[in-house]
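Trainee: Take the given structure of chain U and dock chains A, B and R to it, following the hints.
Protein chains: 4
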Amino acid sequence: MAITFNNDRPLDIIAIGRACLDLNAVEYNRPLEETMTFRKYVGGSPANIVIGGAKLGLKTGFIGKVSADQHGRFIREYMTNAGVDTSSIVFDNEGRKSGLAFTEIISPEECSILMYRENVADLYLTADEVNADDIKQTKMLLVSGTALAQSPSREAVFKAIQAASAHDVKVVFELDYRPYTWKSDMETAVYYHQVAEKADVVIGTREEFNKMENVEEGTNEESVRRLFRYSPQLIVIKHGVDGSYAYERNGTVHHGKAYKTKVLKTFGAGDSYASAFLYALLQEKTVEQALHYGGASAAIVVSKHSSSEAMPTEEEIIELMANGETHG
Amino acid sequence: MAITFNNDRPLDIIAIGRACLDLNAVEYNRPLEETMTFRKYVGGSPANIVIGGAKLGLKTGFIGKVSADQHGRFIREYMTNAGVDTSSIVFDNEGRKSGLAFTEIISPEECSILMYRENVADLYLTADEVNADDIKQTKMLLVSGTALAQSPSREAVFKAIQAASAHDVKVVFELDYRPYTWKSDMETAVYYHQVAEKADVVIGTREEFNKMENVEEGTNEESVRRLFRYSPQLIVIKHGVDGSYAYERNGTVHHGKAYKTKVLKTFGAGDSYASAFLYALLQEKTVEQALHYGGASAAIVVSKHSSSEAMPTEEEIIELMANGETHG
Amino acid sequence: MAITFNNDRPLDIIAIGRACLDLNAVEYNRPLEETMTFRKYVGGSPANIVIGGAKLGLKTGFIGKVSADQHGRFIREYMTNAGVDTSSIVFDNEGRKSGLAFTEIISPEECSILMYRENVADLYLTADEVNADDIKQTKMLLVSGTALAQSPSREAVFKAIQAASAHDVKVVFELDYRPYTWKSDMETAVYYHQVAEKADVVIGTREEFNKMENVEEGTNEESVRRLFRYSPQLIVIKHGVDGSYAYERNGTVHHGKAYKTKVLKTFGAGDSYASAFLYALLQEKTVEQALHYGGASAAIVVSKHSSSEAMPTEEEIIELMANGETHG
Amino acid sequence: MAITFNNDRPLDIIAIGRACLDLNAVEYNRPLEETMTFRKYVGGSPANIVIGGAKLGLKTGFIGKVSADQHGRFIREYMTNAGVDTSSIVFDNEGRKSGLAFTEIISPEECSILMYRENVADLYLTADEVNADDIKQTKMLLVSGTALAQSPSREAVFKAIQAASAHDVKVVFELDYRPYTWKSDMETAVYYHQVAEKADVVIGTREEFNKMENVEEGTNEESVRRLFRYSPQLIVIKHGVDGSYAYERNGTVHHGKAYKTKVLKTFGAGDSYASAFLYALLQEKTVEQALHYGGASAAIVVSKHSSSEAMPTEEEIIELMANGETHG
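Residue numbers (our numbering), protein chains in the order written: chain U, 213 to 540; chain A, 213 to 540; chain B, 213 to 540; chain R, 213 to 540.
To be clear, the hints were calculated from the coordinates, so they are not data collected in a lab. Hints may be right or wrong, so weigh each one.
Same chains, same label: a pair holds when it works inside one copy or across any pair of copies.
[Said to hold, decoys possible] Lysine to any residue pairs mimicking SDA-like chemistry, simulated, CA-CA at most 25 Å apart: (1) 395 / 330; (2) 516 / 238; (3) 516 / 269; (4) 348 / 427.
So that you can see chain U by itself, here it is in the shape it has in the complex (with noise of 0.2 Å):
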């Protein structure tokens, strides 16, 4: 196994960073200026992988700032309702919003959001308002890169992993880059670095490491070497259709293959897969399996309308595993 984790802990998964609002079209499969009605989710990278977590059985929990308004209290309820324990989760007291993002579907192809995600509440979570208490009793922080985009949040993670690293806590590092809010490639790649650097597991898509290394196009080999000169343990890149890689200090190296599915959209497939995959792990499973876990989750999701209401079970996972066609 290639992460131990400390099993003595009430919580799986804690994750740290935005929850936020889906606002994904009802009609679909044409412009977004055509769209007239919008369904609302919970959306927000860490805030999914935790729901999608906690529908696979997981205890999870959740530390981020959400709007002292409607849309906050919305986020925290549904959060809750899904089994995710959602006490870390504190209200902005300055009239700081949710951050927002409309889903186009155009085709399964052509997909995009329009993000708000000015002066957004997540983005104002403090470091004095992350507890270490809340930390210590977990196996696993899941750290999410967008936190890193600005201070105050950007403080309040790193106060949580100093917090983790004293508590033998495992640091999963999903780079989720988003490129909202960064003032420049170079501070995206300085801040990612810092985190990866005292990750124990990092994951990200090909695009996303190239981001925190400001290259145009580098290596998975490359990439691997300069991490593991840190703390990193295991280290996940994703090729979309073309699979997965997993690469172990130890020098072993997995490929995962993507699963065939009918895809409505893009979106919401790399939290998809972060949760299984990371389920996978905390139940000991191989990391060759926990890339199964991963891919055929998120082939799961692209082929549904919303990223947190259609998180997998374990049970759909495992049907998909057996039966599904692979890319390649």
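Mentor: Just chains A, B and R now, with coordinates in the frame of chain U:
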């Protein structure tokens, strides 16, 4: 007639200010937390007024800035289709978003709006983007108070007013006070007063006049006494179900009663009032009649789901004036 | 007499705007890089004007905000000792600093100023900190254009003007254009015009009038034509060694020649001009005489090391007017 | 020897951070309000350290950003003349100013500094402006804590550290805590800790270590216990007249007493300490000797008027070590 317009102009009204998106609850009579589906409409007070004016047969135009994204393009296209001249609408090329208003309708008495106004495109219209040539071809410039809330939109309004004054375009100031963006009550009072001094017609609720005067509870008599020292010729102060009062510079006072109606929500009342009142003035009806037009139009819109699409035709207004019942 | 003042007032002039620190090169006639020692003086156009006025025997006061530190305390104490009523000066309690001006005197023709104006205290005077009672006890409110460069100082000025207009206090607008802080030429033009419209007397250089009109090179005729449509009664436009022109609303034009002098540096000329010109007006001298007072005072200050301490007495001015040689 | 440097490098120390202007009271032993004349010097902790190092015979360089004005040009030229390689100093092309420090010397016990640090050029050094090639030619990168106070300077420092770590350049972290610019104590603690973790040598006062640990009053034992879990090899904690302590990773502790001196002011003590201490380390003297060098150098500078120009020669230091008296 209280105001003489320069009839030698191709446009009746050009408005300056915000054009945004309303996201109205499809399921209403419940808290916003429980509303899962939203329908989008064009919104924003000055946009609603020119859409309403166009529906009544006026030739209207709009000066403003919208997002260079799907929402901004929808707004511009919707307004064009509604008959508004949108050639003076510019797109924001720095990634700013169009404002949003989520409406919550718990009951006719409990309505609220959840606003997204953080760094919105409309507040970034610059004075350079206001073209005096657009203004000199109209009878009336309608200024929305919210456009004064921040630079550079504030200076854009001042430039528009200077152009109007140089070309004998009457200036109508719709107070349209919204508590967002303003830094202090004193700031609001200073800029509202600056514009009111230069306006020919000033329209607002009693509460909005209080804001302009920075008082807890002012009187109509004091409000008109102060403003008639400057440019205003006609001042309209609205008192909800107690109807509205129009004050002419020559001392004449008119009272228009409010029409009874089955209220669904209170949004949009002011915009529909203004469009019908100004329509009547431009049609050279008496101030008395204009008050009735405004009141009837408001009564119709509050009984319907949207603010912009629900704008009445003149037939509907005349029908209500003929058969409607009034308060008090 | 061009302007009639309300003589029933204890103060002659109250100025609103900045009071700062000048750091003048002790060793001059060299680049600032090579100047190693600096002597501090109070500076800032409106501060200099009231200090100069006090030296001429006027009763003057000052409304402004200074740093709550040693520099701010020095400024207030210096002005008090110079005879200025400083009871309306407030201290900034948010740690903002007083502005600084390092002067470089390479030669009489090559002078420059290195300004520290980043978030300076004077630009944070608020409308709430302007007391109408301070204004109604004076004959004249002197507004410095630089105070319009940013909120909340800008609104503080508007409030002061409103108070002046309500209590028959004449408003003198000294354009005092400084390129710092302003975001665009259009913004400058908009606010300069707003204030000039409401002023009784407008004083500036030809270049400053160009800034107000947002033109490359305007003419005095056009400038006065525009402004006489509004409140101004008297307009003074300065043309350096070609002297200054005063335009009265009744069409009378006066020309005052510039006095020859041994120029040390050009700083402070405008401030000393304004203080002596306004002194003469308040003494009910003719506009013609006032132009000579202004010109003589300016000639004296440019021959000396500082701007504030070098302000002349009436004897010095009269002596130069009697025996001085003029340009052209 | 506690630290082994890569002697195969043309430079001994390259510092990153601020280079500013000190404006020292010519007339002292009085409140700053009463000081009328100021003499300018180059200032800023890392600038002082490399100037001091150069005076001791080290080859030093500087990475930083200064104003593109007379002050910035003076700073660069002064440092060049002092023997510092200034080829990595860049000029700010957005009009930002160089920082200023007015010193007030009421008595040796009552000194204070009035800082102008608002949007100063040095805090706008970007990661792109830090050249790894400049860093790989030196033995030691000196990082000043104040450079962490704000983006983008903060990321520039992180990039410099990454380059140092990639090229076997020892990192010395001089805590140099200044309360300006930092938004909160937690923010300071987070970034100080980030850098201290990666440094080889950490130097600061007891109060500065408290800031890094975000505690009221910490102990040296706890401070070194925490840091020796990471990269540091040598930690120096200064206790004023009680002298300084050096902790080696192997458990050795050294104490250096403070020298008695006729104190004029307390400024510059830390910078002169650091330059002499690092000089001794680079000369392969013992840690014990290095503590004496640091202490003697500090004692000399506090007896003189400036911080940069007063930096001692090695002869002066040796003389004091030979004949000076120590506290306690």
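Trainee: Are the hints correct? Go through all of them and say.
Mentor: Now for the hints, and whether the structure bears them out:
1. 395 / 330: both (13 Å within a copy, 18 Å between copies)
2. 516 / 238: Both. Shortest intra-copy (12 Å) and inter-copy (22 Å) distances satisfy the 25 Å Cα cut-off.
3. 516 / 269: within (21 Å within a copy, 46 Å between copies)
4. 348 / 427: between (36 Å within a copy, 21 Å between copies)
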